[in-house]
Each structure stands twice: as C-alpha cells, then as structure tokens.
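For the protein sequence lines, the chains are A and B, in the order given.
Residue numbers for the first sequence follow the numbering used here, so the first one is 1 and each next one is one higher.
Residue numbers for the second sequence follow the numbering used here, so the first one is 1001 and each next one is one higher.
The hints are simulated quantities; they were obtained by calculation from the structure and are not laboratory data.
We put the beta carbon where it would ideally sit given N, CA and C, even for glycine.
It is possible that some hints are incorrect.
These stretches of chain A come out as covered by chain B in the derived footprint (C-beta under 8 Å, 3 or more residues) [claimed, not checked]:
(1) 35-44
(2) 87-95
(3) 267-278
Away from chain B, derived, C-beta distances all over 12 Å, residues of chain A [claimed, not checked]:
(4) Gly111
(5) Thr112
(6) Ile128
(7) Leu228
(8) Leu260
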Amino acid sequence: MQLAVNIAVLAAIYALISCGYVLIYRVSRVLSLAHGELMMLGAYGLAATASLFSGHPLVAIVASAALALLVGFLVYGVLMWRMTGESVLAAVLATIALGVLLRGAMVLFFGTQTRYPLQELGWANVSIAVGESARISAAGLVLVLGTAAVYGGLFLFLHASRWGIRMRAAGQNPLLAAQRGIRLHGVYALAWGLATFTGGMAGMLITCDAGIESTLVTIGLKAFPAALVGGLDSLLGALLGSVIVAGAEVLLINFVDPLLSDVVPFFVLLAMLVIRPWGLFGTREELDRV
Amino acid sequence: MSVPKSSGYFRTSYQRDQALLDTRTQKICFGIFALAACAYPFLAGAFALDLANQVLLASIGAVALMLLTGYAGQISLGHAGLLAAGAFTTGILFKEFGAQFWVTLPASAAVGALIGLLFGLPSLRLRGLYLAVSTLALHFMVIHAGQEYETRRGHSTGVVIDSPISDPRAWYFVLLAAAAATLLFSLNLLRARTGRAWRAIHGREAVAEALGINVKAAKLSAFVVSCTLTSVAGCLFAYYRGFVSAEAFSLYLTIQYVAMVIIGGIGSLLGAILGAIFVVLFPYAIEALMAALGLAERFSSMIFAVNYTAFGLAMLLFLVFEPQGLVGIWRRIQAWFLLWPFRQKPVGK
C-alpha cells in the first residue's frame, strides 16, 4: 500500500514537471533543458515571497505563482525568441546555457543553505494516514491533487479557449498558423510562461516536502524520460509516461537496489528509444526519422 | 579554406590542393609555432605549465567531439561519460591488476571504441534531438557503472592512480605529442574519403546515400573514432590527475565540451582548439578579474557560482551574437587583411 502511495506521489511529481517539457516541445519544437533550474527558481520565488509577505501565506503563494509565469515570459522575451527558427542544436544549447547561468545566479543570490519554504510560510507538514498501513505527507497530497488540477486545467485550456487552440495550431504547422494571423511569438511566449508556471508549481510543492536543494535539478532532468516515453507532444502521454517511469523507479529501488534511483528513468528512456522512439502517444510523422 | 588568397596564387596540382601546409608563409608560421610550443615549458612557470597541460588534454577531447558534431553532424551529449569510460578503464585495470601504461592506454581505446559503437547504434534510427537525448541517457549509464564500481570495491571517494610520469614538463611533451597526433590524425581523416563522407552526411543524408556513401557505416565510424579518441583522452586525464572519481565527470563537463565546440566554431578543427583554450582558461580569467576588481574576498566561498553564471552568460552570448564562434571572428580578421583596402570581394571575380 505504501508502495502504491509512493508511486502516486512520484508519478505526480514527474507528471507536473514533464507537462512543461511537453508544452514547450509541442508548441515550438524546442526541448528545454533548463526546466530543472526554472523549477528551482520557482521554489526560491516562493521562499522569497513567503518572507516578504510573512503572515499572509495565501498572498505569498499567489505572488510566487505569478512570478513564475512572469519568469517564463521573460525567458522567451529576452532569450528564446532569438532561437526561433534556428537549428535544433542551437535552441537546446541555449536552454542548457541558460540552465548553467541560472544555477550559478541562484547560488549567488540565495546562498547554498537548504531552505524550507513551508516553514517560512508558517505551515507544518503533517502526515496523513491513507487506508490502514500507508501514510502520505500533506505536501504530497497537495502535489497529487495539484497535478490533477493542472492537467485538467491544461486540457480545458488547450481545447476550449481561444489561446489554447492557437497554441495547438502553431504546434501543428507554424507557417499556416502564422498566415492565419496567429502571432507566433505571442503563442510561444505563452507556452514558455505556462511551462515555467507548472514547473515552478512542481518546484514549490516538491520543496515543501524536501526543502530547496541542488538535487531538484536532477529531479527535473529525471522527469524528461517520462515526457519522452509518453510522446513528447502529448499531455496524456506525459501523464502515462510519468506513471510508468515512477512505477519502474519505485519498484526497482524497493526490490533491487536503492542506488539505481538516478538511472532507472534513463534505462526506461533508452528502452523506449529503441522500441518506439516517438513515444506511446506521440505523433509518428513529426519525428525526424532516417 | 574559404578565405580568399591574395593574387598571383594558384594551385596547380591535386597534391597541392590537398596539402596541409600550402604556401611558404604557412610553413614558416607553422615552424615558428612549433618552436614556440617546444620552448614554452622552459619559459613558463609551474602554474602556466599546468594550464597548458589542461588545455592540451581538453583539446584532444574537443577535437574528438568536433569530428562527431562539427563534421559528421551527430549531436552528442554524452562526452563526459566517454571520458569517464577511459578514466575508469585505466583506474580499474591499475587497481585490480596493477596494469602498466602500455596496457591501460590500448584498453581504454578499445573500451572507447566499443562504447562508441553502442552510442552510435541509436544514430542509425534517430536524429537530432532524439539522438542527443539517447547519448545523454548513455552518459548517465556510464557514470552509474563507475559509481557502482567505486561503492562495490570500497573506493567510495575515488581511485588513486600512480602515474609513471610526475614531472610537469615531461607531461607537457607527452600531452603535446598526443594532441598533435590527434590533430594530424583528424586532419588526415577529414581530407580522405571518410571525412568527405561525414561531411556529406552532415549536409544531407539522402543525397549522401545517393552518392554511394554507406551512411550507416559512416555514422558508426564517426562515433567509433570520436569515442575512441575521447576515451584515450580520459585515460591520459586519469594519469595526469592521478585520481579517478565519478564526481569529476558530471553533466557540467559534457556541457563544457559542447561549449568548446560551439564557442570555438562548429565545423573547424582550429575552432575546437580555440574553444578548448577559451573554456579551460575562462574560470582562471574570471578569478583574476575578480581579484583585480577587489571582489575576490566577498565571493571567495562562491567562486564556482560566479564561474557558472559567467560561463552560462558567455555561452549564451556566443550562441546569440557569434554563432560562428571564435573561428568566425578569426576568419573575419583574416578576410579584412586579405581584402584590404576593400571591404568585400569585388563582384564578378
């Protein structure tokens, strides 16, 4: 039972992170390898607003969420728009360089001490019993519920709202979309904003459990296989891929070797690349196959 | 090659067209450079010598990655994993069997070739982003294998290796010879059939195949050659440092090597070397700059964070404003002198 709960929480973490990868890739065909760092920035944002609005935890949360959205727009507006239409390699490298830059800058601004945003908000992380033998932390529960809410919201947004439909159109065929009067830069910026927002949410919720540490970046990178297993341009795939990767990871750690934790997602990734490179729900013809 | 030569210069035979050193000026320049390189260790201090050794080591890896990414057009994000493979092969053979230099070096090369084949296999089916991701995954596998060895055998902090060479001057000449051999090997490979095939694949695979190039074999050969060279560099790295540890081969090292290729200028061996010099010297330059500005005291505990920030920024600036890299700047300077007093090549010539 505890295993199932662990898998659910880990799957929720991966799902919340990987929807950022999927959003950016689906809309602009760019793989963002700075996602882990952006997550961490979101977490630091929460810690900063928590001490700024001390005594008003809800205000702090809303402010930090808005901040994450703003950071995403800024990343596109300052840097990534220059990479639109450049080669795949250039865009990926730009995100890698951004990640290195952010990692350094965050240490410079926030120091190396582990911080606990939840304490700074003035809340405690209680442990809740699930069923008879399993327990889940309050932050973990919020994480699972939050992931469900984010996926539901994204689904509605992409299928029912005007901007969501524009985003899907731009992802499908940028040239035609632009000719129909869709502002590509606006759509791409929105994708980056939303991806950073969800990534920031993931960062905030994970750090409520574990505190802000440099391992957060590794978690961000480990969520990428989840996105790829499901198919890089499918949100449903990302959800399913997260469950698969999280399940494999938790079970292998439990029954084989705890040291495997960092490589299991990449094992799954390689297996997927060999068998079905475009993922479970990905679009086959989009893949640059030889 | 693309730089226009001054007037009165003709290539009248195929041999001359393929020659590595063509004009007399080039030969004289090369001679001066070779002399300077040989004289360097007798003039430089211990610190400068260590820097030069690091640059030479890095340039072997950078040239290897340039062959793969810059010429054959296959993206690899697993370079640190390969260095680790070479270093760990050396470390394990030394620790477990007490193997000598002449055993570990070929063994590292063999392991590198094998892993190269493994890294290359996904490239037969995948391209671009997906290939990069698969090499990234392989990087984590190799590092994990290294860590596993460390913990299983109780060398949790790393493996200590006794080096047969301890004098930094002797090291300088060994590394200089290794780097020169790598460069010569790469130059010869690139002007031969293999190199032309790689460039054709980089240009367009379908056309390369139509021209009768065995695309699969050429891709695999690019991976094998590049990985073997990198693994040998890893072996030298292990001896030079006298210490092998999985922590030394982080993803950041891969990023540094990719940055060498990008900052140097994609598709140029000169670029790989310039990039290696830039990336190796960069942190020391930052440190010197901080000391000069009087900020060293304030940031002394966070010097690595300053390095990260500045390095990321430098990489971004190159990607956005100088995609041709240092070689692009160098070529512009060359062209400026060659064309002077004109600004550009007159039309119709």
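> Within the assertion that chain B covers the region 267-278 of chain A, do at least three residues meet a Cβ-to-Cβ distance smaller than 8 Å?
Replying inline: Held - the region 267-278 of chain A has 6 residues with a Cβ nearer than 8 Å to chain B, which meets the minimum of three.
> So is Leu260 (chain A) really clear of chain B, every C-beta pair being over 12 Å apart?
Replying inline: violated (8 Å)
> Holds or violated: is the Cβ of Gly111 (chain A) farther than 12 Å from all Cβ atoms of chain B?
Replying inline: The assertion about Gly111 (chain A) is violated, with a minimum of 8 Å to chain B.
> So is Thr112 (chain A) really clear of chain B, every C-beta pair being over 12 Å apart?
Replying inline: violated (8 Å)
> Within the assertion that chain B covers the region 35-44 of chain A, do at least three residues meet a Cβ-to-Cβ distance smaller than 8 Å?
Replying inline: As far as the region 35-44 of chain A goes, the hint is violated, because 0 residues have Cβ atoms under 8 Å from chain B.
>> Quick check: do three or more residues in the region 87-95 of chain A have a beta carbon closer than 8 Å to a beta carbon of chain B?
In response: holds (count 6)
> Does the no-contact call for Leu228 (chain A) survive, Cβ to all of chain B over 12 Å?
Replying inline: Given a closest Cβ separation of 7 Å, the condition is violated.
> Taking 12 Å as the cut and beta carbons as the points, is Ile128 (chain A) off the interface with chain B?
Replying inline: holds (34 Å)
Comparing the model with each earlier hint shows violations of hints 1, 4, 5, 7, 8; every other hint is respected.
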